[in-house]
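A.B. asks: Listed below, chain by chain, are the residues.
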Amino acid sequence: MTDDALLRDFEMRKPRALARAISYAESGRGRDIVRALYSQTGRALTIGLTGPPGVGKSTLASALVRKARGLGKSVGVISVDPSSPFSHGALLGDRIRLAEHFTDEAVFIRSMASRGHLGGLAGATADAVSLMDAFGFDVILIETVGVGQSEIAIAELAQTTLVALQPGSGDSIQVLKAGIMEIADVFVVNKADHPMANQLRREIRSAMEMLEWKGWIPELVATQALAGDGIEELWAAIQRHMAYLNETGEIEGRRRNAFVHQVRQLAMGRIERRLDVLLEGENSTGLDPYAAADRVISTLGVQLP
Amino acid sequence: MAKMIDRPSGLGAQPTPAFEEQHRRWEAASAKGRSRKDPGSGAVDRTISDVPLKVVYAPEDVAGLDLAEDLAWPGEYPYTRGIHPNGYRDRLWTMRQFAGFGTAAQTNERYHFLLEHGQHGLSVAFDMPTLMGYDSDAPQSRGEVGKCGVAIDSLADMEVLFDGIDMGDITTSMTINGPACIALAQYIAAAEKKGIPRAKLGGTLQADILKEYIAQKEWIFPPRPHMRIIVDMIQFCTREMPKWNTISISGYHIREAGSTAAQELAFTLADGFAYVEACMAAGMDVDSFAGRLSFFFNSHIDFFEEIAKFRAARRIYARHMREKYGAKDTRSWQLRFHTQTAGCSATAQQPENNIVRVAFEAMAAVLGGTQSLHTNSMDEVLALPSEKSVEIALRTQQVLAYETNVTNVVDPLGGSYYVEALTEEMEAQAESYFAQIAEYGGVIEAIESGFFQREIAEASYRYQRSIETRDRVIVGVNAFVKEDEPENIDLLKITEETERGQAASVRDLRTKRDDAAVRRTLESLRAACRDPKDNLMPHLIDCVNTYATEGEIVEAMASVYGRYTERAVL
Amino acid sequence: MNERPLRVVIAKAGLDGHDRGAKVIARALRDAGMEVIYTGLFQAPEQIVQTAVQEDADGIGLSILSGAHMTLFPLVVEQLKAQDAGDIVFFGGGTIPPEDARRLKELGVREIFTPGAPLQTIVDFVTRECGKRRTPAA
Ligand SMILES: Nc1nc2c(ncn2[C@@H]2O[C@H](COP(=O)(O)OP(=O)(O)O)[C@@H](O)[C@H]2O)c(=O)[nH]1
Ligand SMILES: [Mg+2]
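Residue numbers (my numbering), protein chains in the order written: chain A, 1 to 305; chain B, 1 to 570; chain C, 1 to 138.
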């Protein structure tokens with residue numbers, strides 16, 4: 001497909017064109033298409049979904065899609081899974097939970113492999129959000145890798161960040177301890193049918209008390225994503241957070257963060273690719289590592305302290 | 001070198017100097033050996049499940065074994081050597097072959113034939129839509145109706161299935177899990193319509209949902225609500241159906257999904273214990289229901305490993321039932337099991353070779369002390385088996401039972417250094433899995449975390465790899481391959497007409513029944529689903545009696561419980 | 001050299017839950033450096049094709065062991081055509097008798113793998129055929 005044809009198909013809202021455009025962005029060829037469409041972005045509501053593996057992020061995503069569809073809104077979903085550092089292959093399995101939406105034309109689901117990116121997102125996630133936004137989706141849900149503590153990127157990219165935790169799990173307690181608290185706009189205690197759900201709520205509350213909050217204080221919602229319980233409340237909490245952002249003007253700050261995130265990804269991507277090429281010729285004889293780094297940086301053509 | 005012998009009552013006697021001298025000579029001679037280079041020699045030092053093997057086993061390998069505590073006598077706790085004092089001398093195992101295809105009427109004809117030829121137990125295989133809770137006219141059922149079993153959409157079909165059969169006089173085994181409670185309700189209703197009270201009905205329901213989440217994947221509802229359904233069924237049968245075995249806890253499918261022997265053993269027993277715990281949590285006395293639990297294992301091709309697995313299963317089960325769950329009745333300590341030869345060991349290439357595999361696997365099951373046995377037909381990997389191959393499979397059991405003489409001595413491998421060491425190894429591996437499952441918080445939590453699925457996927461990938469690299473040989477597949485194999489094997493085919501006919505008949509049924517009654521009973525079923533104190537079984541019987549279809553009943557239950565999907569684990 | 005990994009949808013259609021084969025293949029493809037989108041069990045042809053379109057997949061591998069292959073494979077081929085996605089490499093596996101496999105290949109299924117097919121053969125097939133599909137596009 002030529003780039004012109006792609007753009008034409010995209011303008012005609014053909015799903016295949018959106019799918020292909022995201023692939024372009026993933027392979028470092030997104031420049032033309034994203035630039036051409038960027039003026040059409042800025043309308044979508046972006047929701048980030050993070051939390052340890054297995055808490056029910058994908059299941060929550062599916063329930064939120066159901067809710068949004070019930071309100072007549074179209075939804076784009078981006079699910080990020082890790083790539084193998086060795087083979088670079090990946091198993092992308094979040095879709096399983098979203099199967100009920102596969103044939104709904106107003107829902108578009110894209111799985112992305114992290115391809116070595118840290119921070120729980122893929123390098124091109126921001127581009128994918130822009131493309132889905134331009135395509136016209138009302139709501140965009142972004143599910144992160146959900147491993148460990150490097151989940152800060154999602155808070156930059158999304159307007160509202162949900163942090164999902166589950167009762168009776170060591171991982172969830174680790175997350176509380178690890179200072180992920182600050183990125184949450186809404187805490188979701190999923191699997192609320194579990195006997196230890198109340199204890200987790202207490203732990204979240206007491207962890208929150210350790211911090212000083214100004215402006216928005218994170219809400220706490222209990223859900224049972226599988227059965228759909230608590231999704232109304234979760235949706236309402238998201239709406240309140242959005243209203244807060246809009247009323248206080250903080251939405252501009254969030255948009256700026258997302259923009260900066262995207263710029264950083266693009267710039268870093270280019271630097272890294274160049275760096276990879278330069279380092280390929282490097283060997284351990286001759287220079288000491290500092291001198292070698294100086295040389296590489298000067299070849300990059302940038303001035304760094 | 002010989003270990004310190006800490007239990008003087010063990011099988012490993014104190015080595016004499018002469019024996020030690022022989023040992024040293026053997027070590028020297030053995031070290032001079034050169035490894036074989038032929039295909040398959042890459043795995044001479046481990047079982048098919050990757051349990052490391054020594055060249056030879058000796059008293060030192062069973063030095064820790066206590067004769068009374070670990071081995072005992074046949075019919076004695078912990079039943080390592082079998083649950084019957086006389087083994088197969090008093091009673092052979094039950095030869096039970098599984099059947100069902102097409103419509104209820106076709107299967108009913110087959111049942112009449114089997115009963116006339118002296119079979120006492122019937123075994124129902126359902127088709128995929130029935131197993132998954134879809135009616136024959138649902139879009140999900142396209143291309144599947146009547147294919148791998150019989151289609152049962154409503155009580156009407158169940159009535160046809162048992163038409164002309166005295167349901168009070170036979171036992172019926174029904175292989176169904178997700179909608180097992182509905183099949184049971186239909187069976188009861190069909191019998192009561194003929195005037196046979198439910199208390200007179202004998203048979204077994206598979207109803208083991210946990211292994212569905214772990215391996216076979218024929219689930220409907222999520223695990224937690226489904227555990228309640230199972231407890232309701234066990235409670236109901238305990239009260240009203242004294243001759244009915246509510247649940248058959250199955251490792252067969254776990255193994256078919258690619259697990260190791262130890263995983264099959266550990267995961268199956270863990271499932272069994274989870275049911276025990278759930279019933280006890282619901283306030284039942286363990287001895288009131290434990291006697292009705294039975295197990296179902298796979299018999300794979302690694303002969304001694306399988307025997308060790310069966311022996312370990314009995315020992316572990318007895319120990320947990322007595323020590324952990326406080327069962328007092330000896331019957332509650334005894335693990336009874338059905339065995340089926342491994343479908344996954346059969347090959348599509350040179351299918352006749354499967355006859356030989358089945359014979360070895362069947363012998364392992366018998367040497368392991370199985371209570372009943374299904375031998376696979378040679379062409380089951382390809383499609384529904386032909387009549388000829390079903391007959392050979394049955395004859396294989398008869399040769400085993402009547403000609404080989406392996407039935408004359410109880411637990412003939414008891415005391416074998418190798419088999420006893422492997423039995424201990426199986427038990428140790430199982431206990432280590434139990435500990436890991438406990439760390440997750442239990443079987444359900446481990447399922448939700450994908451633990452079992454991951455372990456099995458890992459094992460099955462390793463196994464597949466060992467075949468690719470020819471570390472392991474499968475005759476006719478990666479060695480001794482015959483070029484230009486003929487492809488024409490007689491296969492039984494189910495036509496599309498079956499599907500159209502069955503779909504039409506369920507649509508027709510919906511126009512003829514009392515819809516108001518259907519709606520009313522479904523509503524009360526929904527209410528019962530929401531009320532954990534109610535028992536679902538009476539409501540289900542009401543529903544089926546109004547000719548509500550299986551699909552409608554499942555839909556009603558799913559509206560309360562939701563439907564399960566699993567996370568991807570490779 | 002491809003600038004991004006091949007993407008392949010591995011799907012299980014029909015009502016049988018036997019996903020052992022599908023998973024072993026998904027894993028082998030992943031280990032060969034591909035991005036494998038696993039749809040989970042019980043997928044309808046429409047769902048599988050929508051998935052492949054949205055994921056911009058290079059190939060679809062479909063596993064069916066319930067005996068419904070002569071119904072479900074042709075439906076996927078039909079859906080691919082309807083979505084103007086006939087260029088996606090569609091292959092399958094399962095217990096499929098040779099005469100059925102021949103008919104399915106006539107209908108447009110690129111390859112049928114039966115039990116016992118070596119993993120490497122499947123990986124090589126996907127690498128080659130999906131790779132070909134990439135080249136003209138670039
Ligand atoms: N009991 C219970 N299980 C849930 C709930 N939500 C999700 N699950 C299960 O948790 C597991 C992991 O869900 P998934 O959405 O894949 O988690 P993710 O890894 O965070 O995306 C699955 O088995 C779900 O069925 C819930 O509310 N209650
Ligand atoms: Mg997920």
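None of these hints come from the bench; they were simulated from the model.
Among the hints, a few may not be true.
[Unchecked claim] Cβ-Cβ distance ranges computed for the label pairs, FRET-style:
1) A:Leu71 x B:Gln436: 40 to 50 Å
2) B:Asp329 x A:Met196: 27 to 37 Å
3) A:Gly215 x B:Ser288: 52 to 62 Å
4) B:Glu496 x C:Arg102: 40 to 50 Å
5) B:Phe113 x A:Gly170: 53 to 63 Å
6) A:Glu232 x B:Arg520: 47 to 57 Å
Backbone N, C-alpha and C fix where the C-beta goes; we use that ideal spot for every residue, glycine too.
A.B. asks: Now tell me, hint by hint, if it's right for this structure.
C.D. replies: Outcome of the hint check:
1. Range check, leucine 71 (chain A) to glutamine 436 (chain B): Cβ separation about 44 Å, and the 40 to 50 Å hint holds.
2. A hinted range of 27 to 37 Å holds for the C-beta pair aspartate 329 (chain B) and methionine 196 (chain A), which are about 34 Å apart.
3. Glycine 215 (chain A) and serine 288 (chain B) have their C-beta atoms about 60 Å apart, which keeps the hinted 52 to 62 Å range intact.
4. Separated by about 19 Å at the C-beta atoms, glutamate 496 (chain B) and arginine 102 (chain C) break the suggested range of 40 to 50 Å.
5. The beta-carbon spacing between phenylalanine 113 (chain B) and glycine 170 (chain A), approximately 58 Å, falls within the hinted interval of 53 to 63 Å.
6. The hint said 47 to 57 Å for the Cβ distance between glutamate 232 (chain A) and arginine 520 (chain B), and at roughly 29 Å that hint is violated.
Against the hints set out earlier in the document, violations occur for numbers 4, 6.
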